[in-house]
Amino acid sequence: MQAGEVPKINMSSWEVGESRYLPGMEIKRLGKERFVVYIGPQHPGSGHMRIIIKVDGDVIVEADPDLGYVHRTMEKLSEGRAFIKIIPLVERMAILDACNVTLPYVEAVEKLLGLEPPERAKYLRVALCEINRIASHLYGFGIFGVFLGHSTMYMWGFGDREVLVELAEKLTGARLTHTYPIFGGVRRDAPQNFTDNLRKAIRYLRKRLDEYRKIFLDNPVIRRRLEGVGIVPKKVAVDLGLVGPNLRASGVEYDVRAIEPYEAYDELDFEIPVFEEGDSLARAWVRVEEIKQSLRILEQIADKLDKTKGQQIMHDRFWAKAPPLYKKVFEAEGRVKLMPLFAILRVPKGRSFARTEAARGEITYYVESDGKDKPYRVRIVSPSFRNAIMFKYVIPGHRIADLPAIYGSFDYFPPEADR
Amino acid sequence: MAYLSVWTLTERVISIVFWGIVKLIFWPPIYQFVIIPGLAAAMVVVISIIWFERKAAARVQMRYGPWEVSPRLAGYLQLFADLIRYSFQEIIIPRTVDLMPFLTSPLFALLLSILPLAVIPVSPVKWTWPLTPSAMRYSVLIAAALTTLSPIFIVAMGWASNNRFATIGSMRETFLITAYELSAVIGLFSVVATVHSFDFTKVVAFQGGGKWLGLINPLALLATFIATLISTSAFPFEISDAENEIVAGPFTEYSGLMYGINMGSAYIKRWAMSILIALAFLGGWRPYIPPPNAGYVTGYLIPSLIVTAKAVIVMALMSFLRAVYGRYRIDQALHVSWKYVFALAIAGFGLAILEGYIL
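Read top to bottom, the protein sequences are chains W and G.
Start counting the first sequence at 977; every next residue gets the next number (this note's numbering).
Start counting the second sequence at 1157; every next residue gets the next number (this note's numbering).
Hints listed in this document are in silico derivations from the structure and should not be mistaken for laboratory results.
Just to be clear, a hint being listed does not mean it is correct.
[Said to hold, decoys possible] Derived lysine to any residue pairs resembling SDA-like cross-links, with alpha carbons at most 20 angstroms apart:
| id | chain 1 | residue 1 | chain 2 | residue 2 |
| --- | --- | --- | --- | --- |
| 1 | G | K1211 | W | F1134 |
| 2 | W | K1190 | G | A1214 |
| 3 | G | K1495 | W | V1012 |
| 4 | G | K1211 | W | R1200 |
| 5 | W | K1183 | G | K1495 |
| 6 | W | K1183 | G | R1215 |
| 7 | W | K1183 | G | K1211 |
| 8 | W | K1190 | G | R1215 |
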């Protein structure tokens, strides 16, 4: 076949309305000197997704995000599993943000069960949430750095994330997939010297954030790459329904932790950093400021954990039914063994909804139970999925080299979007 | 003489063979193109520089860098291991490529990037010059002309690959060629304006007594340095093969040894440019003056090693920037090179003319 010739395919049987082709299979003649470039799914700058771009010279005229390469049918799988087994399933969405993405599910089921976790469990949950949030932002920075060819930021981001991953390991016993919050409380108590380690990590990270600013955010080359690139005006951000740091970088003060405090967030003192510019640089800065606020939260949590030492971390309703051996284990090791009753837990009939602010934005769960030991329906709306739409509207008009600068600044995470 | 002793004969043969080999080694075209500062030295230097680049970046980034292959040599042999791996890897040639340019342009690019080394002097002794003294009068001109040839083949590679990323990559390379070539050549030629000669030996002779042209004309040195960074896609100008944007740019479809050659030829070009910079701006072999009737060692080996050492320092400096900077966008790089580097080169040239008038 000659180049540029449109293949003649008899698709009369597929005719739907105007279009001769199945949706997604249209064959169009491109304008002169235009190029279709498939960025992904096997591309060093795309992650597990594809962005189909049309370029005119070096300028992108059309961008089409193509998601779903890592879809793992989490919602459907949830319908066939016991309630407790769904927690380790859904945390695979974003393993470095595991506590934040599973917490709303736990909260939604707790609402159905009609119970509230004890105070110390709430503090422990918030501690892990904030540890995860910082780790996730550092991971995002690492990826962002390597997208811009800045290998030092990549190594630093991943290296310092290790501090937080180890902190999480001390707290939960697992580096990544913690499965920490369970119905009615948390799985383990904090170890003896946890708060000391936490304070040490906070001091270290405060020092490091300043160095990040020097080498990355105030680096003249990086600033020129990010300033004024990928601008999302306030109105567009609201219309597209962006969430999380990306929304706050466009000047909208919206954070579930503040507008609808869950767990212990209403007792804590923190600010919501908001930037007005809406460009890639602002999105990077918002994350740095958020890390600072998270460190502030962690500092308060460390004090509260010291104050509530030795208190219960599991709701009475489950704890009362625990065998004496379990109570002994708790007293000796600070560990709540997973009680057999969780495996046969029947959740009363009803529907519930919960949301939290994950590292990449608001994540919502809708859980419907028909009174059995498995949920009838679990619906997840993840922040990356909500942010994915902007690829279509923000990228056109920029150069190919801007694509990683925009993609990285949105901290888009395909496994989280695809669920 | 009744008979020739067998031993004497053997001795003679051995001596003829030995001195024949020495003469062959120190025959200027062989010595400069193949040994120092040509292919062999370039290979060792490039491997050492890549090792240094990785080690230095690792130090900044809180990690070890190459280590596991030879812990006692701080991982130095890792690069040789990589080289062996590249040479034995399968070379995959896609069906859609334009075969002839696809296969030949990497080799041409490599050869042409090292060719300038075959026309420059690395010693003031006349018999070591690879060109005749009358051709040597234009050695700066010839060397500068030869440095400008290799990018064409990078563009050809991208075109022959028949891949979109490769096409975009070679398009970027085309834009960059126009941007840096002029600055590099004007920067190099500013020494001609000062010395009033196209002869590299006169340029070096001029720099005697610590009067390095890089010191008295830093503008031209800086312009040439930055233009070299752009031309060899060093950070922050790693644009035509920016991994996260266009995979490997013009080299996307290459694999195995062909890819290794492509990666190496950028470094080898950087090496050739470093040698030119060392000769033109950093005094060449200059603290050392060979004695009259200098032999192979004093007249050829030692001055060439001095030039090599200076060039290694220049190249190490170019490679260290990787750890500090990200990469520019293509339009920003063009902006930088036309607006600042070109102006810098012109200013350096003006300064050179002024100095040529005064000095």
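Evaluation of the provided hints:
no., hint, result
1, K1211/G to F1134/W, "holds (18 angstroms)"
2, K1190/W to A1214/G, "holds (18 angstroms)"
3, K1495/G to V1012/W, "violated (32 angstroms)"
4, K1211/G to R1200/W, "violated (28 angstroms)"
5, K1183/W to K1495/G, "violated (38 angstroms)"
6, K1183/W to R1215/G, "holds (19 angstroms)"
7, K1183/W to K1211/G, "violated (25 angstroms)"
8, K1190/W to R1215/G, "holds (17 angstroms)"
Hints 3, 4, 5 and 7, counting from the list given before, are not met by this structure.
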